[in-house]
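Enquirer: In order, the protein sequence lines correspond to chains F and B. Each residue of the first sequence is one higher than the one before, counting from 1 in the numbering used here. Each residue of the second sequence is one higher than the one before, counting from 1 in the numbering used here.
FYI, nobody ran anything at the bench for these hints, they're computed from the structure. Among the hints, a few may not be true.
Pairs of lysine-lysine, DSBU-like flavour, derived with a Cα cap of 30 Å [said to hold, decoys possible]:
hint: 1; chain 1: F; residue 1: 112; chain 2: F; residue 2: 77
hint: 2; chain 1: B; residue 1: 26; chain 2: F; residue 2: 77
hint: 3; chain 1: F; residue 1: 55; chain 2: F; residue 2: 45
hint: 4; chain 1: B; residue 1: 80; chain 2: F; residue 2: 49
hint: 5; chain 1: F; residue 1: 68; chain 2: F; residue 2: 112
hint: 6; chain 1: B; residue 1: 26; chain 2: F; residue 2: 100
Chain by chain, the residues:
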Amino acid sequence: GDSVTQTEGLVTLTKGLPVMLNCTYQTTYSPFLFWYVQHLNEAPKLLLKSSTDNKRTEHQGFYATLHKSSSSFHLQKSSVQLSDSALYFCALSDQTNTGKLTFGDGTVLTVKP
Amino acid sequence: AQTIHQWPVAEIKAVGSPLSLGCTIKGKSSPNLYWYWQATGGTLQQLFYSITVGQVESVVQLNLSASRPKDDQFILSTEKLLLSHSGFYLCAWSLDGGADEQYFGPGTRLTVL
Numbered sequence: 001g002d003s004v005t006q007t008e009g010l011v012t013l014t015k016g017l018p019v020m021l022n023c024t025y026q027t028t029y030s031p032f033l034f035w036y037v038q039h040l041n042e043a044p045k046l047l048l049k050s051s052t053d054n055k056r057t058e059h060q061g062f063y064a065t066l067h068k069s070s071s072s073f074h075l076q077k078s079s080v081q082l083s084d085s086a087l088y089f090c091a092l093s094d095q096t097n098t099g100k101l102t103f104g105d106g107t108v109l110t111v112k113p
Numbered sequence: 001a002q003t004i005h006q007w008p009v010a011e012i013k014a015v016g017s018p019l020s021l022g023c024t025i026k027g028k029s030s031p032n033l034y035w036y037w038q039a040t041g042g043t044l045q046q047l048f049y050s051i052t053v054g055q056v057e058s059v060v061q062l063n064l065s066a067s068r069p070k071d072d073q074f075i076l077s078t079e080k081l082l083l084s085h086s087g088f089y090l091c092a093w094s095l096d097g098g099a100d101e102q103y104f105g106p107g108t109r110l111t112v113l
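Isolated chain F (complex conformation):
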């Protein structure tokens, strides 16, 4: 079945530094990947999505590129802010009408002053 792997459970950085959160996936279908962000005690919200190979997608200063050759969709930001502290999920859609999403375990990003 489908799977999503996020290798970092916790990332702690100082404000202003760059960040990359890893996401790799396995699927037998054509992949459609998402990044969701969940702030403390809030619902998850969509940050980015992509199904286009080797095309960078950006939103709110975050960006990611889907690389089908390496089955990856890493999330990056050039300069993190305190407000970026949150739980980040990578998710994979099976693109059927069921809307099934497979989520990774999530990465907690903590940004310090």
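Please build the complex by placing chain B on the supplied structure of chain F, with the hints as guidance.
Expert: What follows is chain B alone, placed relative to chain F:
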């Protein structure tokens, strides 16, 4: 604009007691609806999805059931709670299945003692 409402906001229940959680979506007709479960600080696990009124499909077996009695209403329930049912329950909707963005509700925090 579409709004999603979940009730109750939080519940504390005894093991073996029944449970009913609700979700209502306003401003969108015939959405796809989903129930998710999230352990504290953990990943999101899709439990059920519904494409239309009266039809609900189970994704994982957790001794829970779901129903969609109205186009805009999704109910999650069980007759006997287990300790393992504790967590955060999120309702979500999308325009269609496939790779459409899913919009999450504010969630219900359940504590089973």
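Enquirer: Now look at each hint and say whether the structure bears it out.
Expert: Consistency of the hints with the structure:
1. 112(F) <-> 77(F): holds (15 Å)
2. 26(B) <-> 77(F): It is violated: about 35 Å lies between the C-alpha atoms, which goes past 30 Å.
3. 55(F) <-> 45(F): holds (22 Å)
4. 80(B) <-> 49(F): violated (38 Å)
5. 68(F) <-> 112(F): Roughly 34 Å separates the two Cα atoms, so the pair is violated.
6. 26(B) <-> 100(F): It holds: about 22 Å lies between the C-alpha atoms, which stays within 30 Å.
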